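Student: Spelled out from the first residue to the last, the chains are:
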Amino acid sequence: MSSTRYTEAHEFARIDGDVATVGITDYAQEQLGDVVFVDLPEVGKEIKRGDEIAVVESVKAAAEVYSPVSGEVIEVNSDLEDEPAKVNQDAMNAGWFVKIKLADSTENQSDMDDDAYKAFIAAL
Amino acid sequence: MTSSSSSGTGDAASLSRTALYDLHLEAGARMVPFAGYEMPVSFPMGIVEEHKHTRTAAGLFDVSHMGQAYLTSSGDVSAALEKLVPGNIAALKPGRMRYTQLLNPRGGIIDDLMVTRLPDRKGRQVLLLVVNAACKENDFALIRDTLGNEVDLDVLDDRALLALQGPQAVNALERLAPAVSDLAFMAARTVRIDGQPLLVSRCGYTGEDGFEISIPQKRAATFARRLLAENEVEPIGLGARDTLRLEAGLCLYGHDIDETTTPIEANLAWSIGKRRREEGGFPGADIVLGQLRDGPERLLVGIRPEGRAPAREGTEICDRNGDAAGVVTSGGFGPTLGGPIAMGYVTRRYAQTGTDLALMIRGKPNPGTVTALPFVPHRYYKP
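Chains as they are written, first to last, in our numbering: chain A, 1 to 124; chain B, 1 to 383.
Derived from the structure by calculation, the hints contain no laboratory data.
Here the structure is a predicted model, which is why all the values come from computation and not from measurement.
Backbone N, C-alpha and C define an ideal beta-carbon position, used for all residues, glycine too.
Certain hints may be false.
As the list claims (entries may be wrong) - In silico negatives: residues of chain A with every beta carbon more than 10 angstroms from chain B:
id : residue
1  : D18
2  : V19
3  : E72
4  : D79
5  : D90
6  : D111
7  : F120
To be verified - Taking lysine-lysine pairs in the DSSO-like style, the calculated list, with each CA pair at most 30 angstroms apart, reads:
id : chain 1 : residue 1 : chain 2 : residue 2
8  : A       : K48       : B       : K364
9  : A       : K86       : A       : K101
10 : B       : K364      : A       : K86
11 : A       : K86       : B       : K52
12 : B       : K364      : A       : K45
13 : B       : K364      : A       : K99
For reference, chain A alone in the conformation it holds in the complex (with noise of 0.2 angstroms):
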């Protein structure tokens, strides 16, 4: 059963086993409007939880996208390069950015769960 959890910074990261799937959410695809593009890291990178894994480009600006977890990139979403769009369509699913191997599952424990981050965004 995966967990997703939400960063304040609008990331999510779904954890299956030792494998996060990390994106952004709806509301942050709302806040950016059209995405034209999403500069995603090599397969094989090392990241570290807060380092800069994605620039989100929008028609009006660009957007740095952080991860919420450490390990290894083993996969990127490739389908973003000809259609952008479905970070708006379904920024949860069809919408992601990276696959990580983790080093530690439970590392973003301290992250928002599904309740808080809607409670959170409601206040914004």
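Position chain B relative to chain A; hints supplied.
Tutor: Chain B only, in chain A's frame:
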């Protein structure tokens, strides 16, 4: 995730509102500060769809933040204005308009503006000036200070300005005012809608056919609602206004042009006619005419980055050997083209269409090519 977006400056407490503010909120606009006003950057359709809608149907823009003023004189008002701009104002006949710039003594651009000659009033020529919002106070002060008693400047504080742009703009507007059907490009006329006069000009900032409509603020919201009720018309924000003008290769003051750029460097030499080139008589004329004669040291060009990453304002431009070549002054994504586009200044030897460049995006060189402007062909009304 952190976002670095560029919108205007100003704290919420001191921002002005246009006559369409309530209408924007009703339509679900996302408002941002811009040039001291609260303006809609986008509506629920979103920038990309708003942009595409304008190129296929009709988009309605609120540009009431811009400055409008009448310039008249008991003497020759065109000769007076020509002391400040390099455009041929004397040749304007009533109902015609043209694009020009206010220049400083170095030939740099203080602001760009549209000048319309309206019908004479009581034997006096009347010019309508439309200037940029961020520059309007400075522009009007400059005109008063330089021309003094020679002219009367009547700032139209009670006017709104709307732009209706797109291939179907004429279809929508002529239902309300049949007289606009045959209005020529860069011409203006007063039309009546429900018995009330409006000044309609056939011009715009998108590269498409379209109109700008000057209307008293107290009638602006009602008129906007009437236009929005037409099938073709959707409200469009400043975000799409920027992507549209960039695809059309049009300069944005404060970005592509400013007090350090001359019209020649900015690829605007076309706006300076033969007589003014021969006679001068505008600020910085020696520098401007020298550049016309010898060529400027740098030129504003269009650039197409390869791939999908946009090259934004401030991006360093190098040649393929890594030597400095220039800087990007406007850059982003072109929804009609489906890819990134930019404008920037390059040293003259790199300015030829087809020149290979390297754009330093996030510290890495990204290939790009000098591309002829406009990126998307203009479709002005020229039957």
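Student: Find the hints from earlier in the document that the structure breaks and name them by number, from lowest to highest.
Tutor: Violated: none.
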